[in-house]
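Residue numbers (the working numbering), protein chains in the order written: chain L, 1 to 227; chain Y, 1001 to 1459.
What the hints contain is simulated information worked out from the structure, not anything from laboratory work.
Note that beta-carbon positions come from the ideal geometry of N, C-alpha and C, so glycine has one too.
Keep in mind that the hints are not guaranteed to be accurate.
To be verified - Result set (EDC-like, lysine to aspartate or glutamate): computed pairs, CA atoms no more than 20 Å apart in a straight line:
#1 L/K147 with L/E223
#2 Y/K1059 with Y/E1071
#3 L/K154 with Y/E1208
#4 L/K201 with Y/E1333
Claimed, not checked - Quick look at which bits of chain Y chain L covers, simulated, 3 or more residues with Cβ under 8 Å:
#5 1267-1281
#6 1328-1336
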Amino acid sequence: MKILIVEDEAKTGNYLRQGLREAGFTVELTNNGEDGLHLALQGDHHLLILDVMLPGMNGWQVLQNLRRQGKEMPVLFLTARDQVEDRIKGLELGADDYLVKPFSFAELLARVRTILRRGRSGTEATTLQVADLGLDLLRRRVTRGGKRIDLTAKEFGLLELLMRRKGEVLPRSLIASQVWDMNFDSDTNVIEVAVRRLRAKIDDGFESKLIQTVRGMGYVLEESAGA
Amino acid sequence: MLRRFSLTTRLTVIYTLVSALVLLGMAWIIAMTVSRHFEELDGDTLLDKIHLIQGIVAKATSPIDLRERLEDSLQNHPGLYVQIDDQAGASLFASSAFRFPDWLVRPPAGLSLQAVTTWRDGEQEYRALSALVPRHDPLGGDLRVWAALDTHHHADFIRSLQTTLWTYLALAAMLSGLLGWWVARTGLAPLRAMKTRAQAVTAHKLDERMPAEAVPIEMADLAESLNDMLARLQKDFQRLSEFSSDLAHELRTPISNLMTQTQVALSQPRNADTYRDILASNAEEFQRLARMVSDMLLLAKAEHGLLLPSAEDISLAAEAQALFDFYEALADEKGVSLNLTGEGYVKGDRLMLRRAISNLLSNALRYTPMQGQVRVEIGTTGALVSLSVENTGAEISPELLPRLFDRFFRADKSRSHPDSDGAGLGLSITRAIVQAHGGVAAVSSFDGKTRFTLSFPAR
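Bound conformation, chain L alone:
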């Protein structure tokens, strides 16, 4: 997957490039709007990450030009300003998502993956399997090593999210938003508690622990437990 980043702040740009590369993406970085537009028109990027405030041509203008010339790749805006009008303007111009600085990298990564996944939804699996953990979406049933595990509705939702996005570190805010539809940061450790309780049901008594905490980032469900 190829991503083009247009960001004039050198440090931010470099870290984003590094982070996304390490997450397995091919990344190109440029620091001004004209070059960004040129690269985007020439290349075959799957996603464009655009800063709004850019020297020369700003993010909106880049997006407008792109759309005018028939480029339909998804665009994620980064901005330091959080004005409702800005948000609306971005969405009207055809942006796919909008992140306000300061954002956490885990959040950005999760959003990037969400956007890229959107295009290729394909057939929705009705069962999910990670190692010996199985989740049956139709029968709302979870088993591990053949043993049935009872989960509450929200625990089921949380596990489904973790399993669908196995191997991805999911920040707390994303979990709150996807599972509970809470689109703001709670000042409590409620996600931590919820994950801990889910973990107690899924992992307790099993040799390999599937749900991992990545400190400072979030949670991930993956097979090959690092610890």
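Place chain Y on chain L using the hints.
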């Protein structure tokens, strides 16, 4: 159009118009009275003359005698003209050099000529009266007598009176206009004083006030309103500067922690796990800072009235239930029971309202002891929809209650709550959101319970 003119001009014009109108009325009444008086006077004179003629007619022995007698007697009455006709309409006598108008001598049928009639002939003005006089000479029958007076001296008098009145009217109106202008200027002097005072108000001198006691009562209201406005501005301004200093202060501690931690870590080589730990701890701290900054921004926006909630129909019970689902794990952990009763609908922004209620719930959960209770009650009373969140637990002392909604205020600074990393902005945000919805946030604490109530205008 009228707005273009100054108050002084308007008052002056109004004064002038009103006094002119009053004076005009007066002048009209005077002129009418005088001319009516003259008319009566002339009428009496004419009647006298008619009686005189009647006497002459009675004494006259023949038409010739009558003419002579009349001519004699009329010589003593300058300005009196007489015409006498007999029954057949033949003229018996007519003053020389005077002709009664035909409409008077031969009036159209049905027009009675009992009253005094006035008419003009060029410059002259005349009044006439007619009467039937019985004739005593052998011919018998009645004579029709007309007597007319030249009343030009009365007309002259009235004309000169009118001129005087008009002149006086014009002068007096002008004078009262001038007076009005002066009164308006003097009356409006306090306004100019207020203007001078207002010009002295700047961002640094917001304690300047209007002289509300020194201005007339009508303006005292305005002055007081302006003073209230200044007081509000001053308060807001003060809050804003407190806000900035709070912010700087609140940011200083975590930044200092981060800096120390990072520099200590860098001061000597360490193993990878230690670095990872430090970075993770830094990341957590940064997230807290980021959240604080965005919370502060939200509050700043709210204070500038920039929170523009969209208006959907929101079921408060549904929102509370969704939040119960969210906090279920946390409540379970502490053995705290969550209860929801009632239902109410408000118009507002779902995300914001949810956030407002969420802050109350997380606050309640934080301060509820193990096995405690959190109750959410929704109800509608009259035009108000209220949602209250009540939790059992230590009461909050009354003097702290009003400060609970203040930014960065923590009722219990010493005790650290492991399950909280809030910056003390939650309740401020709740209040800001509620106010943006036209509602009110309140808190009470007694009988081992603390209760936050949000009241919204009903849809």
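Quick rundown of the hints versus the structure:
no., hint, in the structure
1, L/K147 with L/E223, "holds, 18 Å"
2, Y/K1059 with Y/E1071, "holds, 14 Å"
3, L/K154 with Y/E1208, "violated, 59 Å"
4, L/K201 with Y/E1333, "holds, 14 Å"
5, 1267-1281, "holds (count 5)"
6, 1328-1336, "holds (count 5)"
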